[in-house]
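Undergrad: The primary structure of each chain is shown beneath.
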Amino acid sequence: MSLHGDLLEQAAHLAKRETKRPKQASLRRSVSTAYYALFHLLVSEATGRLLTGTSRAHMKDVVARAFDHAEMNAAASQFAKGTPDRKVMALLGTSVVSPDLAAVARTFVDLQEFRHEADYNVGRRFTRVEANDKVGQARLAFEAWGRVRGTGAADSFLVALLVYRKVRV
Amino acid sequence: MAVGVVEAEIGRLKTDGLLDGVRTWRVDRGFDAMGRVAVWVWLIVGPEGPDPRRSAEVRELVRNTVSRSATEADWVYVSFTDAEGDAR
Chain A
0 MSLHGDLLEQ
10 AAHLAKRETK
20 RPKQASLRRS
30 VSTAYYALFH
40 LLVSEATGRL
50 LTGTSRAHMK
60 DVVARAFDHA
70 EMNAAASQFA
80 KGTPDRKVMA
90 LLGTSVVSPD
100 LAAVARTFVD
110 LQEFRHEADY
120 NVGRRFTRVE
130 ANDKVGQARL
140 AFEAWGRVRG
150 TGAADSFLVA
160 LLVYRKVRV
Chain B
0 MAVGVVEAEI
10 GRLKTDGLLD
20 GVRTWRVDRG
30 FDAMGRVAVW
40 VWLIVGPEGP
50 DPRRSAEVRE
60 LVRNTVSRSA
70 TEADWVYVSF
80 TDAEGDAR
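Taken in order, these protein sequences are the chains called A and B.
Be aware that the first sequence starts at 0, since it is given in numbering that gives the first Met the number 0, and climbs by one per residue.
Be aware that the second sequence starts at 0, since it is given in numbering that gives the first Met the number 0, and climbs by one per residue.
Calculated directly from the structure, the hints in this document are not laboratory data.
Below, a sample of chain A positions facing chain B; criterion: calculated Cβ distance under 8 Å:
(1) ALA69
(2) ASN72
(3) SER76
(4) VAL108
(5) ASP109
(6) GLU112
(7) HIS115
(8) THR126
(9) VAL128
(10) ASP132
(11) GLY135
(12) LEU139
None of the values given here were measured: they were computed from a predicted structure.
Ideal Cβ placement from N, Cα and C applies to all residues, glycine included.
Full structure from sequences and hints, please.
TA: Below, the structure is given as structure tokens:
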């Protein structure tokens, strides 16, 4: 299976790991891993669209490391809005973002915020319900991505995740 | 934007029967990790979790409703949790 697929499966496993009293460590890693599953799905899709062929594999690995969480968040938050800014409109060629693409973008922003909480806010308690909720959000985003991948709009989203702040309009 | 306004809006959704399985809710506001003004809504359900067939729909309903009432918030986060959870 792919890295992102494995991460999603691992996130679900961690959310269910202790049947009686889940450890905070398991729930936190579950929430964090749900984010990274979506992160790696999108990075993999972006590098796969940009660089094709096995001879480009080494380039994919290098480009994958150029993705920046904050830049991706800034781009995704624009796609998630009903009214994207001029940069996004320039990439999309329209002001309309499909519901599935907007859902993927929204989920990315949501999960990244909770990833921060899970990894750094030790004063907060997570519940199994909450961890399952985040895994469920990631799973739905995977499904939504499957419905839009390969479209021009999806490609513009992938480009924005990499270079949003550098787009000039 | 007062947290009470947001709580009242969610209360209206509950009264209208649109939040099946949601027992109560908590609302908080502040800055998110990106520095945006944000509102967090926790929908508190039973230990079995939300109805998986409806959770996405409920989340978006609450998000859209709160976005309209909290116009100065840049982002609205909606999560399901149960009574064991803490707010931020």
